[in-house]
Amino acid sequence: MVIERILIFLLALVGFSAIVGAKNIIKKVFGLNLLNSAIVLLYILEGSRIGEQAPILGEGVTNIVDPVPQALMLTAIVIGVCVTALALALAVRLYKATGSLEIDTISARLHSEQ
Amino acid sequence: MSSESLFLSPVYLPLLSAAGILFIKSFCPTSIKRIAEYLGILIGLVLPLLLVLRLYPIVQNQGYIETTIGGYAQHIGIIYRFDGMSLLLILLAAAITLPAWIFSRNEGPGHSYFTALLLIQNASIAAIGMAADLFNLFVCLELMGVTAYVLIATGKKANAAYASFSYLMLSSSAMVFFLLGTFGLYNLTGSLRYEAIAMGLETLSGRNQYVAHFSLLLIIVPVLLRVAVMPLSLWLVDAHSKAPHAVSALLSGVLLKVPLFALIRIFSLSPFASSLALPISYAGAVTALVGVLLALSQSDAKQLLAYHSISQIGYIVSAWGLALHAGVTTMTGSLLLSASFFHAFSHAQFKALLFLTIGKTTDAAGNRNVYTFRGANQALRNVGERVPLTMLCFLVGALSISALPPFNGFYSKTLVTYTLKGSLHYTFLTLASVGTVASFIKLSRIFLPSKQPMVLPAVKEKNRFPVSSHLAFILLALSCLAVGLFSEQMILFITRLISSEEAQTYGSSFFFTQDNLIKTTLTVLSGIVLFALAVSRPGKYVLHLLEKRRGGFTDLFLGFATALGALALFAW
Amino acid sequence: MKRTWFIFKVIFILLVVTLAMLPVILSSHPWPVASRDYLYENALSDTGAVNTVSSIYLGYRAMDTLGETLVLLVSITGTMGILINLGRESEEEEAVSFSLAPEKRATNAQRTHLLEVVASKLGPVVLLFGFYVMLYGHISPGGGFQGGVIVASAIVFLALGTETQSKLTNTTVLGRIETLSFLVLIIVATSGVFFERGFFGNPIKSGSSLSVNFIILLNIIIGLKVGTSIAVMCIAMMGGRHGH
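Protein chains in written order, with full-length UniProt numbering: chain G, 1 to 114; chain L, 1 to 572; chain E, 1 to 244.
Excised from the complex, chain G in its bound form (with noise of 0.2 Å):
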């Protein structure tokens, strides 16, 4: 029960950590994804509790999970892959313009520029 929350809490601190302190921008990219699945899966795991099978209904089938979180993460899932297409491509037009990955880089490049 315990072990599992504290498992996601730390993939979810893996992740926030990897956005706040790499300084490679894909890695801040993965971070926000590792953040994003790890509550996820805590809405996954803690809303398949209360039951044991699908929530499909049909000939059988009693003792269903809350679909409910199911359907919530659905849409979270499709908004993060969104979030994230948009920042790779953030990150190939300041690799273009830098051509650096690295967050300090690109900013002293830039304002530099200026």
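Treat the hints as calculated values from the structure; they're not laboratory data. Possibly wrong hints are sitting among the right ones.
[Stated by the list, open to error] In silico SDA-like links for lysine to any residue, alpha-carbon gap of 25 Å or less: (1) Lys27(G) <-> Thr4(E); (2) Lys96(G) <-> Leu546(L); (3) Lys156(L) <-> Thr84(G); (4) Lys9(E) <-> Leu546(L); (5) Lys27(G) <-> Leu86(E); (6) Lys2(E) <-> Arg550(L); (7) Lys156(L) <-> Thr30(L); (8) Lys23(G) <-> Gly366(L); (9) Lys157(L) <-> Leu13(G); (10) Lys451(L) <-> Leu522(L); (11) Lys27(G) <-> Leu13(G).
The hints should help you fit chains L and E onto chain G, whose structure is shown.
Using the frame of chain G, we list chains L and E on its own:
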């Protein structure tokens, strides 16, 4: 049409016209494309506003109209609730989007994708104003955010991409925390509907109450991030100053305020949340002062305006926070909230005007540095302007933001400071308005005639000054003036929408008292003194030191963590 | 000095975030069962879909789905805009090369024999599977989004694997399908307004055996929309033909 279909029209009509524009763009020739865009703006932006205004009497009598999307059972479907604030937000969005769009036709990025994006953004704003469902609010906020990132990234320089990237990383990771907060509340109450959450939170006890508090905190801070209250405002300057001008006008006019007023519903979920309103309002007051100091120190014209957005948001947030602290339904609370919205509305108008005029002027001269740029009128004449309308409109904006009668800024700022009288906020805000005057004297100097002969960028052919830009300027300038002249009616309109009780009228006898006039005169005088200090040698040195302080990428998150930690400490 | 300051900042941020997140993650409150029970009883009769997840995300909470489709649309528009602008700029200014040089693109130099064989054989099968997932979303795991993503990957396979240019990998055609399905989606969503069912209301009478058709229709439209738009984006990122 039923009233349910009517009040959802600001959501589906813009979407319909956006879809139509995209469809026609990919299937039809260019000539129809332009007609489709004009038609789309008409159907998607103007028509829903007219339809919604028809609901004004119903909102005033009943307070709100409610519907479940798709007609499903209430506790499982998504509820949209249309109240006075929703109407005001739709009005605000349309009032700024229209001139910004007109401006963008000639000054860029005026392609049909841009029009479609604006329409989608307006739909998301209407949805944010109406959603009474936590997860739907998340989706709509993300939609608004994504449109903002894309709009910022349409800037031509790579700087815009950097600004968009940092805003995207910060805001999206904050929204993940919003998702976690939603998880906590759903786990505790089993519902995503505001009313059910509020009822569920009342019955909690012991440790679960802590969980509820932290969940609320995780929801509130990411939304405040979009509003850019002080420790959370570091992303704003880059994003607003690097975006195309029409987008800057929209960002600071509309996108800053919508999440703030949407938060009111979240704050009413539990008494704990409304206890957070007081520290936020103090943060707002500090923001107003610090923002204006930083604005005074800027040398880049658009960055100066961006810092002013932070400062003015401080005004709005401090009145807003005190309103929630007093309770929105109480007499003082509703007055404070009306004042806060009135200032938000006027700020949207004059800041959009300032961004557009300054943007046009600096583009014409190819220079954005307020210390070296002089003779702006010459530069404008060089690109074909015959009558100095740009300067006149800029002056209207500058006088409005400096709170001089008869423009809207005077009325809204006076109302805000009046409602805050006697509190610590009052001192902060008064000091901030001195700084505003000083920094706008500094900015207006670009219109002084240049002493040295100017080096102007060569113009390929004798082109005419675009009519659409002038139209946008005049539209905004006139609305600044109109809101000022008809302030009594405007305030009545807002207060009636916000509270159902019989509203007091604030006529000219309220605004033009001796005290107010003396205060305005003193503010202007001390603003001039402050400006003189700022251009003196030691003043320049101090301001230069302030200007050099710019945060890196990690500092954005430092601001986020500080805000989260401070509010958590306060809660604890 | 700068380095220690940076590490100190990161540690502070992580510490605060940890403290804010832990209480919510570790909450021991039992998961609520009310909505699950309600859905178990009523989802089938309300929307006609056997798959409860489908009935939520295209029925009860269809507004979220609309929002997410819009997010997808906006972000793909933005991504394409950024990438296409880059393509235009690189001719003028000296930029760092990111994707393959244009002269190499036409011959698809990145393609190896292995990739070609696998991708071109896999493409049609995956395409079929994608449509299956899309069409059967209301009775089995899946739905418009999942099916759409599978369709998109099939199109990417085809773009990678086949030498000939087919209509399926032409971004202009894909873009047209995308805008058409988006328009149809919005019209379908608004249609309820004119049938007195409200926005996103099912215009087909609920309870009848036909009412599930609304969800099937939405699944197909969303699948087409998602599939084509993701495919367009992937092809653009691969440095393919720009049709937008």
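Holds or violated: Lys157(L) and Leu13(G), Cα atoms, limit 25 Å. violated, 34 Å
Lys27(G) paired with Leu13(G) [C-alpha distance capped at 25 Å]: With Cα atoms ~14 Å apart, Lys27(G) and Leu13(G) stay inside 25 Å; holds.
25 Å limit on alpha-carbon distance, applied to hinted pair Lys27(G) and Leu86(E): holds, 22 Å
Would you check the hint for Lys23(G) and Gly366(L), treating anything up to 25 Å between C-alpha atoms as holding? violated, 34 Å
Is the hinted pair Lys9(E) and Leu546(L) satisfied, with a Cα-Cα distance of at most 25 Å? holds, 21 Å
Under the criterion that the straight-line Cα-Cα distance not exceed 25 Å, is the pair Lys156(L), Thr84(G) satisfied? Holds - the C-alpha atoms of Thr84(G) and Lys156(L) are around 21 Å apart, at most 25 Å.
Is the Cα-Cα distance between Lys27(G) and Thr4(E) 25 Å or less? The given pair, whose Cα atoms are some 21 Å apart, holds under the 25 Å limit.
Does the alpha-carbon distance linking Lys96(G) and Leu546(L) stay inside the 25 Å limit? Measuring from Cα to Cα gives roughly 32 Å; hence the hint is violated.
Just to be careful, I want the Cα atoms of Lys156(L) and Thr30(L) compared with a cutoff of 25 Å; is the pair within it? With a Cα-Cα distance of about 24 Å, the restraint between Lys156(L) and Thr30(L) holds, given a limit of 25 Å.
Pair hint Lys451(L) and Leu522(L), alpha-carbon separation not exceeding 25 Å: Violated: Lys451(L) and Leu522(L) sit about 32 Å apart, past 25 Å.
Are the Cα positions of Lys2(E) and Arg550(L) separated by 25 Å at most? holds, 15 Å
Hint check: violations occur at hints 2, 8, 9, 10; the rest are consistent with the structure.
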